[in-house]
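*Asks:* Can you build the whole structure from these sequences, using the hints too?
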Amino acid sequence: MAFYIAAAVAVLATALVIINLNVVHALLCLVTSFLAVAIVFYVLGAPFAAALEVIVYAGAIMVLFVFVLIMLNTGGAAIQQERHWLTRWIWVGPIGFSAILLGEFVYLLWRVPVTAASGALVQPRQVGALLFGPYLLGVELASMLLLAGLVGAYHLGRTDRKGANEHGGKKQ
Amino acid sequence: MSVVLMQHALLLAMVLFALGTIGVLMRRNLIVMLMSIEIMLNAAGLAFIAAGSRWGQADGQVMFILILALAAAEVAVGLALILRLYQRLGTLDADAANQMRG
Amino acid sequence: MLSPLAFIPAFPLLGFAILFVTAGLLPKRCITTIGVGSVGIAAILALIVMVAFLGAPKPYTEVVWTWIAVSGLTPHVGFYLDALSGLMMLVVAFVSFLIHLYSAEFMSTDEGYSRYFAYMNLFVASMLVLVLADNLLFLYLGWEGVGLCSYLLIGFWYRDPANGLAARKAFVVTRVGDTAMAIGLFVLFTNLGTLDIQPLMQHAVAHWPVGSTLPIVAAALLLGGALGKSAQLPLQTWLPDAMAGPTPVSALIHAATMVTAGVYLIARMHVLYGLAPPVQTAVAVIGALTLLLAGFSALNQTDLKRILAYSTISQIGYMFLALGVGAWSAAIFHFMTHAFFKALLFLSAGVVVQRLGEEHDIFKMGGLRGRLPLAFWTFLIGSISLAALPLIDAGFYSKDLILWEAWSDGTLGPWLWAAGLIGALLTAIYIFRAVFVVFFGPLKLEPTGLTGLRIAIPLVVLSILALVAGFVEIPPYLGNVPAFSQFMQSSLPAPPAPVSAGSILELMLSASAAVVAVLGVGIAYIAFRRRPAFLEALVRSPACLALQHFWETGWGLDWLYDRAVVRPFLWVARIDQGDVIDRFYSGLASLSQAAYRQLSESETGRVRRYATGITAGSIVLIAILVFA
Numbered sequence: 001m002a003f004y005i006a007a008a009v010a011v012l013a014t015a016l017v018i019i020n021l022n023v024v025h026a027l028l029c030l031v032t033s034f035l036a037v038a039i040v041f042y043v044l045g046a047p048f049a050a051a052l053e054v055i056v057y058a059g060a061i062m063v064l065f066v067f068v069l070i071m072l073n074t075g076g077a078a079i080q081q082e083r084h085w086l087t088r089w090i091w092v093g094p095i096g097f098s099a100i101l102l103g104e105f106v107y108l109l110w111r112v113p114v115t116a117a118s119g120a121l122v123q124p125r126q127v128g129a130l131l132f133g134p135y136l137l138g139v140e141l142a143s144m145l146l147l148a149g150l151v152g153a154y155h156l157g158r159t160d161r162k163g164a165n166e167h168g169g170k171k172q
Numbered sequence: 173m174s175v176v177l178m179q180h181a182l183l184l185a186m187v188l189f190a191l192g193t194i195g196v197l198m199r200r201n202l203i204v205m206l207m208s209i210e211i212m213l214n215a216a217g218l219a220f221i222a223a224g225s226r227w228g229q230a231d232g233q234v235m236f237i238l239i240l241a242l243a244a245a246e247v248a249v250g251l252a253l254i255l256r257l258y259q260r261l262g263t264l265d266a267d268a269a270n271q272m273r274g
Numbered sequence: 275m276l277s278p279l280a281f282i283p284a285f286p287l288l289g290f291a292i293l294f295v296t297a298g299l300l301p302k303r304c305i306t307t308i309g310v311g312s313v314g315i316a317a318i319l320a321l322i323v324m325v326a327f328l329g330a331p332k333p334y335t336e337v338v339w340t341w342i343a344v345s346g347l348t349p350h351v352g353f354y355l356d357a358l359s360g361l362m363m364l365v366v367a368f369v370s371f372l373i374h375l376y377s378a379e380f381m382s383t384d385e386g387y388s389r390y391f392a393y394m395n396l397f398v399a400s401m402l403v404l405v406l407a408d409n410l411l412f413l414y415l416g417w418e419g420v421g422l423c424s425y426l427l428i429g430f431w432y433r434d435p436a437n438g439l440a441a442r443k444a445f446v447v448t449r450v451g452d453t454a455m456a457i458g459l460f461v462l463f464t465n466l467g468t469l470d471i472q473p474l475m476q477h478a479v480a481h482w483p484v485g486s487t488l489p490i491v492a493a494a495l496l497l498g499g500a501l502g503k504s505a506q507l508p509l510q511t512w513l514p515d516a517m518a519g520p521t522p523v524s525a526l527i528h529a530a531t532m533v534t535a536g537v538y539l540i541a542r543m544h545v546l547y548g549l550a551p552p553v554q555t556a557v558a559v560i561g562a563l564t565l566l567l568a569g570f571s572a573l574n575q576t577d578l579k580r581i582l583a584y585s586t587i588s589q590i591g592y593m594f595l596a597l598g599v600g601a602w603s604a605a606i607f608h609f610m611t612h613a614f615f616k617a618l619l620f621l622s623a624g625v626v627v628q629r630l631g632e633e634h635d636i637f638k639m640g641g642l643r644g645r646l647p648l649a650f651w652t653f654l655i656g657s658i659s660l661a662a663l664p665l666i667d668a669g670f671y672s673k674d675l676i677l678w679e680a681w682s683d684g685t686l687g688p689w690l691w692a693a694g695l696i697g698a699l700l701t702a703i704y705i706f707r708a709v710f711v712v713f714f715g716p717l718k719l720e721p722t723g724l725t726g727l728r729i730a731i732p733l734v735v736l737s738i739l740a741l742v743a744g745f746v747e748i749p750p751y752l753g754n755v756p757a758f759s760q761f762m763q764s765s766l767p768a769p770p771a772p773v774s775a776g777s778i779l780e781l782m783l784s785a786s787a788a789v790v791a792v793l794g795v796g797i798a799y800i801a802f803r804r805r806p807a808f809l810e811a812l813v814r815s816p817a818c819l820a821l822q823h824f825w826e827t828g829w830g831l832d833w834l835y836d837r838a839v840v841r842p843f844l845w846v847a848r849i850d851q852g853d854v855i856d857r858f859y860s861g862l863a864s865l866s867q868a869a870y871r872q873l874s875e876s877e878t879g880r881v882r883r884y885a886t887g888i889t890a891g892s893i894v895l896i897a898i899l900v901f902a
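Protein chains in written order, with our numbering: chain F, 1 to 172; chain D, 173 to 274; chain R, 275 to 902.
Check before you lean on any hint, since a few could be wrong.
[Unchecked claim] Partner residues aside, some chain R positions facing chain F, computed with beta carbon under 8 Å:
no. : residue
1   : Thr886
2   : Thr889
3   : Ala890
4   : Ile893
5   : Ile896
6   : Ala897
7   : Val900
None of these hints come from the bench; they were simulated from the model.
For clarity, every value in this text was computed on a predicted model and none was experimentally measured.
Heads up, the beta-carbon is just placed ideally off N, CA and C, and yes, glycines get one too.
*Replies:* The following block contains the structure:
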């Protein structure tokens, strides 16, 4: 039961995200969506994943978005712009594509015989054991990826005069 | 825990993924596009969790953790790029960055 | 004494090669020596060969080497000497030599001196090859060679585009004839298996019955070639314009030698024409029509050289008339006398034109009798011979022979004779018109300069020949010297109505021809010396003016060809400018270019578009995975 409620909330919130004209509002709706998905995780027997979802996804990544929005300092003009961009007929193509995609997946799903998911709780200990065991290489690669992301973001984020000049120099 | 049909969980994941696709294709604001991509990644993670829950193993969660790490790194770099683009173009319009047109 | 035959065309060819390679670098005396000397040697050799031939009149072939050796076709570089080719060779070589000598002085101030002699030597070599060839392919080589030299020499002063145009016109019109001739050669070869002339004639007689389609087709095609080269109806439009070349060129190529190549071809292939009587009749009819057409046109020209050009067309019409009625030796006889007096006329006209500072209009000339005595007397002698005034000149005997033979030919005979008679009247009128206008009356333009020995000698020699050359064939009622026809008997069949002794009819016909000639002189005298008022008024009336204009432009044939042939052709060329066949290939190219442009439209640079593409692609992939 809880699953279906949480699922409904997630879907609704996500729909609001993509429709919303105000970016900040969309952001907040997205946070709501993630929280709902975290509840779904918990219902499915993955409390560790639920916690991680809340902490990392809704907590860190969304906060990053918020910071960037603050820096970009978009105001009422942005809303007007969004209204201008989001015309009525923009929807047709994307909704069509997604409908086809959804249809294919639904077809796939319904071909497979219905299996009940066991709602067995998976302890964090088991996850940890897997992480340090078979998936060690994956973890190392993920950490390297994070390092690369860190360095890249730092470099891109530099706005000192040197970086600006380089850009200016290259503009010739 | 009540037993949840795997089909339904996967269906939820797919619906979220479809919504994310719509968002990417429809919106012109770069930040909203990035958010839609996050939605899609999240949906993929949900699918993994659902699959792991089906078998009662932790592999699904491990995959989810890896996806999470991936999403974090991608958001960091993506937002930095958006900041740079904003400095360059003065707008958050995705269509404004079309100098590679042929 | 027999081997010099191959050297006769070889010497002028050598002269051409030397002058071509040195390209004007040699001093003038050297060029003159080579240019005139090579043809002189050819003339001497021709004389020697002919003298030897007269002593032992047996036709022979001399093969120098095999030109092509393909199975079934092995033409040689071979020379055939019999009475016909021997006579033509002698006339060509001799007249060419005289004209080369004349050119040495006439063209001495021209900057293209070396080029001129190179082309002239090549021409003489080609013409000699043409008349001496023992097979039709080698003859065709000479045929094309003279055509090329004609083009080169008409457009000799190439800096003036009008000359280039005239040269092109000559080449294109004769090309039409040449194509017909080539097809004729194909027909002959595929059906008779050989192109060697003597065996060809024997095969034709053996395999083709008289009047069947194959000889008619072949003869008609060869006739087409002859018409082009000899400027007869309907391919005669090029000759008047060919007067754009230097006067010695007009004298040599377009009067004495090249234009008679058609006559030689038909005479040489007389067996074939004997097998195709309709074509032979056509030859006669064309000859008659042409001589009348050209006669009327010559009457209305104001350019001295154009008068002589139309006169040439007309006189070759006489030769064709003779060939058509079967009077082969009469045609060749007229060729010989015509070569002499026409070359003489052109050369003396050249003197007049050059001394008057390149003035061509006869009505701007006058009274030159006293100032240019040499030109006057030589032109007069040439005119007398051309008009065939009785007894004293060569033209009379040859034309008389043709007229008698024309009368004697079947049903068309009297008509052909009448045409020839009217033509004779016209000839006398127009040439004496030129004489009276140019040399009599008040002096209008003062001549300058001097005429040297190298011009005088050829003029004098040709004058003598124009007077006495006819005496080799005197009809019985005047003296009976059938030397020429007897000489020709060995290679050409006898005419159907040989000149018999003392026939009243013959005498009357001859007398009427003589009367007509004198009458023509008289008319010209009255019209252009006395100039009575009523005649002047008549001439100026609108009907007469229109008629004059019509005749002056060659009976409107130039206009007709322009409208009927040239313009449609140019129209087709213009609408096919984009070249329909090419369009297919360039269409492929532009198709791929259009596709490229379309595809590059998809590179919008917009991220969402690309995302859409990715989505669509993944949908398709998944669909394949799911449903397949």
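*Asks:* Each of the hints needs a verdict: does it hold here or not?
*Replies:* Each hint, compared with the structure:
1. Thr886: holds (7 Å)
2. Thr889: For Thr889 (chain R), the interface hint holds, since the closest Cβ of chain F sits about 5 Å away, which is under 8 Å.
3. Ala890: Where the cut-off is 8 Å and the nearest Cβ of chain F is about 7 Å from Ala890 (chain R), the hint holds.
4. Ile893: OK, holds: Ile893 (chain R) within 8 Å of chain F, min 5 Å.
5. Ile896: holds (5 Å)
6. Ala897: At about 6 Å, which falls below the 8 Å cut-off, the nearest Cβ of chain F leaves the hint on Ala897 (chain R) intact, so it holds.
7. Val900: holds (6 Å)
Comparing the model with each numbered hint stated earlier shows that all of them hold.
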